[in-house]
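Q: Using the hints, position chain S against chain A.
Protein sequence lines correspond, in order, to chains A and S. Note that the working numbering gives residue 30 to position 30 of the first sequence, counting from 1, and the numbers run on in steps of one. To convert a position in the second sequence, counted from 1, into the working numbering, add 1000.
In case anyone wonders, no lab produced these hints; they're calculated from the structure. We put the CB at the ideal spot given by N, CA and C, even for glycine. Where hints are given, some of them may not hold.
[What the hints assert, rightly or not] Here are some chain S residues pointing at chain A (derived, C-beta under 7 Å):
{"#": "1", "residue": "Asp1109"}
{"#": "2", "residue": "Asn1112"}
{"#": "3", "residue": "Thr1162"}
{"#": "4", "residue": "Phe1164"}
{"#": "5", "residue": "Ser1166"}
{"#": "6", "residue": "Ala1167"}
{"#": "7", "residue": "Asn1173"}
{"#": "8", "residue": "Asn1174"}
{"#": "9", "residue": "Ala1175"}
{"#": "10", "residue": "Met1177"}
{"#": "11", "residue": "Ala1180"}
{"#": "12", "residue": "Gly1182"}
{"#": "13", "residue": "Ile1183"}
{"#": "14", "residue": "Ser1215"}
{"#": "15", "residue": "Thr1278"}
[To be verified] Derived pair list, reagent style DSS-like, types lysine-lysine, alpha-carbon separation capped at 27 Å:
{"#": "16", "chain 1": "S", "residue 1": "Lys1086", "chain 2": "A", "residue 2": "Lys19"}
{"#": "17", "chain 1": "A", "residue 1": "Lys111", "chain 2": "A", "residue 2": "Lys182"}
{"#": "18", "chain 1": "A", "residue 1": "Lys246", "chain 2": "A", "residue 2": "Lys226"}
{"#": "19", "chain 1": "A", "residue 1": "Lys145", "chain 2": "S", "residue 2": "Lys1029"}
{"#": "20", "chain 1": "A", "residue 1": "Lys111", "chain 2": "A", "residue 2": "Lys77"}
{"#": "21", "chain 1": "A", "residue 1": "Lys111", "chain 2": "S", "residue 2": "Lys1029"}
{"#": "22", "chain 1": "A", "residue 1": "Lys125", "chain 2": "A", "residue 2": "Lys193"}
{"#": "23", "chain 1": "A", "residue 1": "Lys165", "chain 2": "A", "residue 2": "Lys193"}
{"#": "24", "chain 1": "A", "residue 1": "Lys214", "chain 2": "A", "residue 2": "Lys77"}
{"#": "25", "chain 1": "S", "residue 1": "Lys1084", "chain 2": "A", "residue 2": "Lys111"}
{"#": "26", "chain 1": "S", "residue 1": "Lys1084", "chain 2": "A", "residue 2": "Lys77"}
{"#": "27", "chain 1": "A", "residue 1": "Lys121", "chain 2": "A", "residue 2": "Lys165"}
{"#": "28", "chain 1": "S", "residue 1": "Lys1029", "chain 2": "A", "residue 2": "Lys77"}
{"#": "29", "chain 1": "A", "residue 1": "Lys246", "chain 2": "A", "residue 2": "Lys236"}
{"#": "30", "chain 1": "A", "residue 1": "Lys185", "chain 2": "A", "residue 2": "Lys145"}
{"#": "31", "chain 1": "A", "residue 1": "Lys193", "chain 2": "A", "residue 2": "Lys182"}
{"#": "32", "chain 1": "A", "residue 1": "Lys236", "chain 2": "A", "residue 2": "Lys226"}
{"#": "33", "chain 1": "A", "residue 1": "Lys214", "chain 2": "A", "residue 2": "Lys232"}
{"#": "34", "chain 1": "A", "residue 1": "Lys214", "chain 2": "A", "residue 2": "Lys246"}
{"#": "35", "chain 1": "S", "residue 1": "Lys1029", "chain 2": "A", "residue 2": "Lys143"}
{"#": "36", "chain 1": "A", "residue 1": "Lys77", "chain 2": "S", "residue 2": "Lys1086"}
{"#": "37", "chain 1": "A", "residue 1": "Lys246", "chain 2": "A", "residue 2": "Lys232"}
{"#": "38", "chain 1": "A", "residue 1": "Lys125", "chain 2": "A", "residue 2": "Lys143"}
{"#": "39", "chain 1": "A", "residue 1": "Lys121", "chain 2": "A", "residue 2": "Lys145"}
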Amino acid sequence: MLNIENVNKTFDPGTPIEKHAIRGVSLQLERGDYVTVIGGNGAGKSTMLNIVAGTLFPDIGTITVDGVNVTNYPEYKRALYLGRVFQDPRAGTAADMSIEENLALAFRRGKFRGLGWHIRKGERKFYRERLATLGLGLETRLKDKVGLLSGGQRQALSLLMATLKEPRVLLLDEHTAALDPKTAKTVLDLTNKIVHNYGLTTLCVTHNMRDALKNGNRIVMMHDGKIILDMKGEEKANLTVQDLLKMFESASGEEMLSDRMLLT
Amino acid sequence: MLIIQGAISLGLIFSLMAIGVYLTFRILKMPDLSVEGSIIVGAGMTARLISDPYVALSNPFLITVIAMLTGMIAGLTTGILHTKLKIPSILAGILTMVAAYSIVIRIMDTSNIALPPHGPWRVTTVFTFLQDWGLSRMNAVIVVSIVIVVVACVLLYCFMGTEFGSAVRATGNNAQMVKAQGINTDWTVIACLMFSNGLVALAGSLWAQQQGFASVDMGIGTIVVGLASVIIAEVLFRPRMFWTHLIAIVIGSIIYRFIIALALGVEFMRPTDLRLVTAVIVTIALVMPLILEKFRAAKSRKNAARGA
Chain A
1 MLNIENVNKT FDPGTPIEKH AIRGVSLQLE RGDYVTVIGG NGAGKSTMLN
51 IVAGTLFPDI GTITVDGVNV TNYPEYKRAL YLGRVFQDPR AGTAADMSIE
101 ENLALAFRRG KFRGLGWHIR KGERKFYRER LATLGLGLET RLKDKVGLLS
151 GGQRQALSLL MATLKEPRVL LLDEHTAALD PKTAKTVLDL TNKIVHNYGL
201 TTLCVTHNMR DALKNGNRIV MMHDGKIILD MKGEEKANLT VQDLLKMFES
251 ASGEEMLSDR MLLT
Chain S
1001 MLIIQGAISL GLIFSLMAIG VYLTFRILKM PDLSVEGSII VGAGMTARLI
1051 SDPYVALSNP FLITVIAMLT GMIAGLTTGI LHTKLKIPSI LAGILTMVAA
1101 YSIVIRIMDT SNIALPPHGP WRVTTVFTFL QDWGLSRMNA VIVVSIVIVV
1151 VACVLLYCFM GTEFGSAVRA TGNNAQMVKA QGINTDWTVI ACLMFSNGLV
1201 ALAGSLWAQQ QGFASVDMGI GTIVVGLASV IIAEVLFRPR MFWTHLIAIV
1251 IGSIIYRFII ALALGVEFMR PTDLRLVTAV IVTIALVMPL ILEKFRAAKS
1301 RKNAARGA
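Bound conformation, chain A alone (with noise of 0.2 Å):
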């Protein structure tokens, strides 16, 4: 569903803070594959889920979704096939619209917008159905502005925006690393139910090692632009976090210093 093929990527090339992101990183994700990727800071993986949603682009590599070769894409033009949770709460919707208005951008994605009403009729059920389903209540708050919601609140609502439209494949950028525990645990949860509802093919990208190993069925771990670690099903199953360091420590010739990584 999603090929990385032979990607890399420097940053400021030929300059004294030359940093070679990416080296020759090549990955394929099947339909329906729930793919985690770990790694320390500066490992690369933000740089991937980038250069696969289109903010960055690859110095060379060919990035193929679907089957349709998106390498030269600008962004709004991936995202036809891309949906996207981002880091930071704040960046994955409008603060200054309503929630059924940020619902309404999201389910047009991937269609022409002329001058017709951008919400129309019937179509407040429909939010109000998928709303109910994230088990917050936000299905009463339809006309509430999104800056009004808990980061907690804006994540899921976020990730219902951006499997709203089925994506061909989702993109989670350590999407539960802003919020507390307790938070994250539930949009983790709500994530994991909508990737088995949808069968989705996900790619998502975390620092924590225990989230990582619990959900999905193929774990990826990337240090210095390389992929070092590749593993699914059975497995990656029977995986535990002592095997991961051990793995990353004969893989990359260092101990994983990184508390957090650890300790979250």
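A: Same frame as chain A, but now just chain S:
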């Protein structure tokens, strides 16, 4: 009475311009200086088309629409400079503004044109048909302006409720999210700039017809006047919805004209002090929330101290 009528008629005409400034400044969150250019484009185009005996257009309403479209071209220019050519928004606006100065002199073929509202040289403007029906010049201006302002506000309100319009509103709010929803923000930005500058040119056109002349330097300080109206509206009425904003800005624009009329009525003031007064008003309106906040904080501290 004359002062009141004058303030209302000018306030109405300039509310169109203020709404244009609001569209870019608040909706798009992009300061657009090209309005300084589009107001003289609107005025210049109108003056030339109305006064030139070789131009076969005799319908002032058609001329006003053409002036508005010319302003939209100015907005389009700024939009392309900013989105497609990646020039920072302020600079893109300034480039259009500077270019407009020369273009307006080309359009008018001189630096100013008189459009006498009375007498043997009277020209036909959008106001003359009401004058012929017996209304005074001032009242004719007020009636026509009200109609145009209402139509513009209703159209704009409806537009912002459409699929494309809501994409425009969302662009200023969170462009990242808009792109992630598959919208090309280049076009929403360009569309907003075109509407904004179209409104400003419309105001310029009506202004030239109202005051009976157009000159190439009449646009200086336009953006500040527009901002003054928007900020007065926000400080006084605290509007929350789009339509309440529109109404507040129209009233704010009229109030601004009253303040100016009163300030310039003071003995030692000169007409040329207009822009200084405007700058002072905008500064006061901008600083007001800060002062009130400080005042409130000091008061609550005092109360807390007394309580303890």
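Q: Does each hint hold? Answer for all of them.
A: Structure-based check of all given hints:
1. Asp1109: 38 Å, violated
2. Asn1112: 39 Å, violated
3. Thr1162: It holds, given that the least Cβ distance between S:Thr1162 and chain A is near 5 Å, below 7 Å.
4. Phe1164: 5 Å, holds
5. Ser1166: 4 Å, holds
6. Ala1167: Check passed: Cβ of S:Ala1167 comes within 5 Å of chain A, closer than 7 Å.
7. Asn1173: For S:Asn1173, the interface hint holds, since the closest Cβ of chain A sits about 4 Å away, which is under 7 Å.
8. Asn1174: 5 Å, holds
9. Ala1175: 10 Å, violated
10. Met1177: 6 Å, holds
11. Ala1180: Status holds, d = 5 Å.
12. Gly1182: Holds, about 4 Å.
13. Ile1183: With Cβ-Cβ at 6 Å, under 7 Å, it holds.
14. Ser1215: 38 Å, violated
15. Thr1278: 28 Å, violated
16. S:Lys1086 to A:Lys19: Distance ~25 Å between S:Lys1086 and A:Lys19 Cα, so the pair holds.
17. A:Lys111 to A:Lys182: 36 Å, violated
18. A:Lys246 to A:Lys226: Given that 27 Å is the threshold and the Cα spacing comes to 17 Å, the pair holds.
19. A:Lys145 to S:Lys1029: 18 Å, holds
20. A:Lys111 to A:Lys77: OK: A:Lys111 and A:Lys77 at ~11 Å, within 27 Å.
21. A:Lys111 to S:Lys1029: Judged against 27 Å, a Cα distance of about 26 Å means the pair holds.
22. A:Lys125 to A:Lys193: It holds: about 21 Å lies between the C-alpha atoms, which stays within 27 Å.
23. A:Lys165 to A:Lys193: It holds: about 16 Å lies between the C-alpha atoms, which stays within 27 Å.
24. A:Lys214 to A:Lys77: It is violated: about 33 Å lies between the C-alpha atoms, which goes past 27 Å.
25. S:Lys1084 to A:Lys111: 23 Å, holds
26. S:Lys1084 to A:Lys77: 16 Å, holds
27. A:Lys121 to A:Lys165: 18 Å, holds
28. S:Lys1029 to A:Lys77: 24 Å, holds
29. A:Lys246 to A:Lys236: 15 Å, holds
30. A:Lys185 to A:Lys145: 24 Å, holds
31. A:Lys193 to A:Lys182: 17 Å, holds
32. A:Lys236 to A:Lys226: 19 Å, holds
33. A:Lys214 to A:Lys232: 12 Å, holds
34. A:Lys214 to A:Lys246: Holds: A:Lys214 and A:Lys246 sit about 18 Å apart, inside 27 Å.
35. S:Lys1029 to A:Lys143: Holds - the C-alpha atoms of A:Lys143 and S:Lys1029 are around 23 Å apart, at most 27 Å.
36. A:Lys77 to S:Lys1086: 19 Å, holds
37. A:Lys246 to A:Lys232: 18 Å, holds
38. A:Lys125 to A:Lys143: Cα-Cα ~13 Å, so holds.
39. A:Lys121 to A:Lys145: 21 Å, holds
The structure fails to meet hints 1, 2, 9, 14, 15, 17 and 24 from the earlier list, while all remaining hints are met.
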